[in-house]
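**Q** Listed below, chain by chain, are the residues.
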Amino acid sequence: MNLPLVSACFLAFALTLYVILDGFDLGVGILLLFQSETAFREHMVDSITPTWDGNETWIIMAGVTLLGAFPLAYSILLPAFYLPIILMLLALGFRGVSFEFRVQSKQHRHRWDVAFAVGSLVAAFMQGLVLGGLMQGVKVQNQHFAGSVLDVVHSLPIISGIALPFGYAVLGGGWLKLKSNLLLQTFANRSIRVSAPFFAILFGIACIYAVKIQPSIHSKWASHGITLACLVSLFVIASGILTTISEKARPALPFLLGLSLFVLGISGIALIAFPDIVPFSVTLWEAASSSTSQTLVLVGAAFVTPVVLAYSALAYWIFRGKTPEQGWEA
Amino acid sequence: MKLNPSLLARIQFAFTVSFHIIFPTMSIGLASFLAVIEALWLKTKKPVYLEIYKFWLSIFAMGFGIGVVTGIVLSFEFGLGFARFAQMAGPAIGPLIALEVLTAFFLEAGFLGIMLFGLHRVGPKLHFFATCMVAIGTLLSASWILSANSWMQTPAGVAIHDGHLTVLSWRHVLVNPSWLYRLPHMLTAAYLTASFMVAGVGAWYLLKGKHQHFARRTLTLGTAFGTVLIAGQVFIGDILYGTMLKYQPSKMQAAEGFWETQSQSPAPYYWFIVPDQDNQRNRFQLGIPYLGSIWLTHSLEGRVQGLRNTPRDLQPRMGLVFYAFRIMYGLAMVMFAVGVASLWLRFRGKLFSSRWFLWILVFMTPSGIIATLAGWYVAETGRQPWVIYGILRTVDAVSPVPAQALLSTLIAFVCVYAVFITAFLVFSFRIIRRGPDEVPPYAEASGSVKNAFRPYVLDSPERLVNSNITLRS
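Those sequence lines, one after another, are chains A and B.
Counting in my numbering, the first sequence runs from 241 upward without gaps.
Counting in my numbering, the second sequence runs from -18 upward without gaps.
It is possible that some hints are incorrect.
One-sided and incomplete, this derived list gives chain B residues near chain A with beta-carbon spacing under 7 Å [unchecked claim]: (1) 46; (2) 76; (3) 104; (4) 317; (5) 386; (6) 388; (7) 395; (8) 399; (9) 402.
No lab work stands behind these hints: they were computed from the structure.
Backbone N, C-alpha and C define an ideal beta-carbon position, used for all residues, glycine too.
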């Protein structure tokens, strides 16, 4: 069996779940910036409080799968994205502790809400920066990262960094439409209608720019043109519907369309990057650890992931339906 | 000024990991404590146990949150600061940490929401189950991470060919020589930490004459657990000492403060030294005669091996290891004395009225955390100059990241973590000052806890708000 390929699939699975699940948490956080009513902010945070921790855990899953199954890629990519990753971790830290601290702080709750929102925004921007940096390609010499830590301060990563928060805002808006009470529905709809076109256009610019500056992506378009074109057209259709979403749309529709945007985007990126794990310099097989290490990760994943998914679903089911206005404890 | 990237990477890792370990130590201990309390509540239906649960849950939730967000940092920091280490050790410790995430982190995260917010939705039985799952998650997490760290201390089960490491036997990696003793040592440390925290807060209320019922119950539980645990810890520590002496003699040589290949006989037990690493001697030393021979060799005249047995370039810094060990060991002895005193006072019926003892308990509130941190300093500084003992040196493991980047992120970490710890302490003190919330009596009066919550689940939120049974104070 081709173990590195299976490990890479599990890695992609964990990363996709992270992007989708923490995506709407971060999106809700970003949207806090545009909500001036304290009671509404309260309601928005309540809608993600019981399940955020599990959502965020998927990024650790992805990180340590990379460490265990592709140690060479881990040791190249982390120094390469040293600055955006550390800033992302600090921002996620602010976001995470704000869940607890804002409950404790009665007078200064709005300050923790700012920390929450800015933390979410910065984390999303840094993730976009890393994505752009990957599309730009990573310099490797002699199995070491050979570029500069400032390589991410270029047009492509910055455009992609600005695009991603809009994408997360689409997901966050969709989540709020699903979970929030009537009064917040207008806010949720407006967030989706505004964020979706910005995300689609900025992401589109980033893609075109990437084709221009990275010959490997250009050649991928030559060889997989039709598949990629299909993904792009579906992406355009989904974002078009989101841009014109009406108040009467089914509550789940925008959220599902938002998810499809991300699944399409991730599929396209995976298709372009394959078979490299460090884009355009190291392949999956070159970076893979020995088969004993791959086997342990995969056996663990095969047995435990279904259980994890089951009780995560249980947690979502327990907190199903509209978020109560008084919070979950009431 | 010339900045040294390797030193900066080490300081950054040491700072972030030291900060992090404070919170899991509390969460491991408090999660099990909360499970015990909820079990007692379900069994006896006494409202005081619900009060205790609610009170400590608030502090647990904050600590757990900080533990989560500072822990994520570590799972990336192996590569951020120590890329060569990650590349080499990844095949061995990566799968262990992946299993930790799968079996422990998800379990904790999945049930934490139910534990914090789900009592009214799922009823007390499933809620108790959730508390137990969180507690088990913290235990599993500790076992995996201790396994990975113990492998770095006493590596086994691997082969190395031109810089690439291959795992030959997972059993040997997982059950490496030091794991079996280091795991119970850490778990007991975490439980001791929680016991002294719980007892300390109870003692504070007794001194202030507030919340008597709550205070007596928590003080009783805290000192009882603390006494049993510290007795066990002394025993486990002694076995671990022997194991490390066998597998990492340089660490224990540094911990005792002797330089000579063979100390004088009988050997004293040093409490204060001024080591001079360059000249391989102590400038000053102060100890208790005979005690070194008795404690370390279990004989009256035994000699103790000094650090000169280890080649100079493979020695850890004696000062760090020695004082970290003294702090841990010293605190353990004070804890032992407190445990014995609590037994005596309980026997005399004066446990709740001896003000001097209550004050000692108040000062001992953070003792478990300090001792645990000191213990980790012994483990980690004593392993130097190796990052994987005998296989890879720390200086060779550092990432190709410029010193300026390392310095600026170190400053950022210090500033952000300072905000976290300040907020945690301010809010914890506020919770303690406010005291536990009174639980309305009808939870008991209705006869069944189930009936106390179930009928109000979804249909009438106002009644619940009035009834004031919110979980977190």
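**Q** Each hint: holds or not?
**A** Hints and how they fare:
{"no.": "1", "hint": "46", "in the structure": "4 Å, holds"}
{"no.": "2", "hint": "76", "in the structure": "4 Å, holds"}
{"no.": "3", "hint": "104", "in the structure": "11 Å, violated"}
{"no.": "4", "hint": "317", "in the structure": "35 Å, violated"}
{"no.": "5", "hint": "386", "in the structure": "5 Å, holds"}
{"no.": "6", "hint": "388", "in the structure": "12 Å, violated"}
{"no.": "7", "hint": "395", "in the structure": "11 Å, violated"}
{"no.": "8", "hint": "399", "in the structure": "12 Å, violated"}
{"no.": "9", "hint": "402", "in the structure": "10 Å, violated"}
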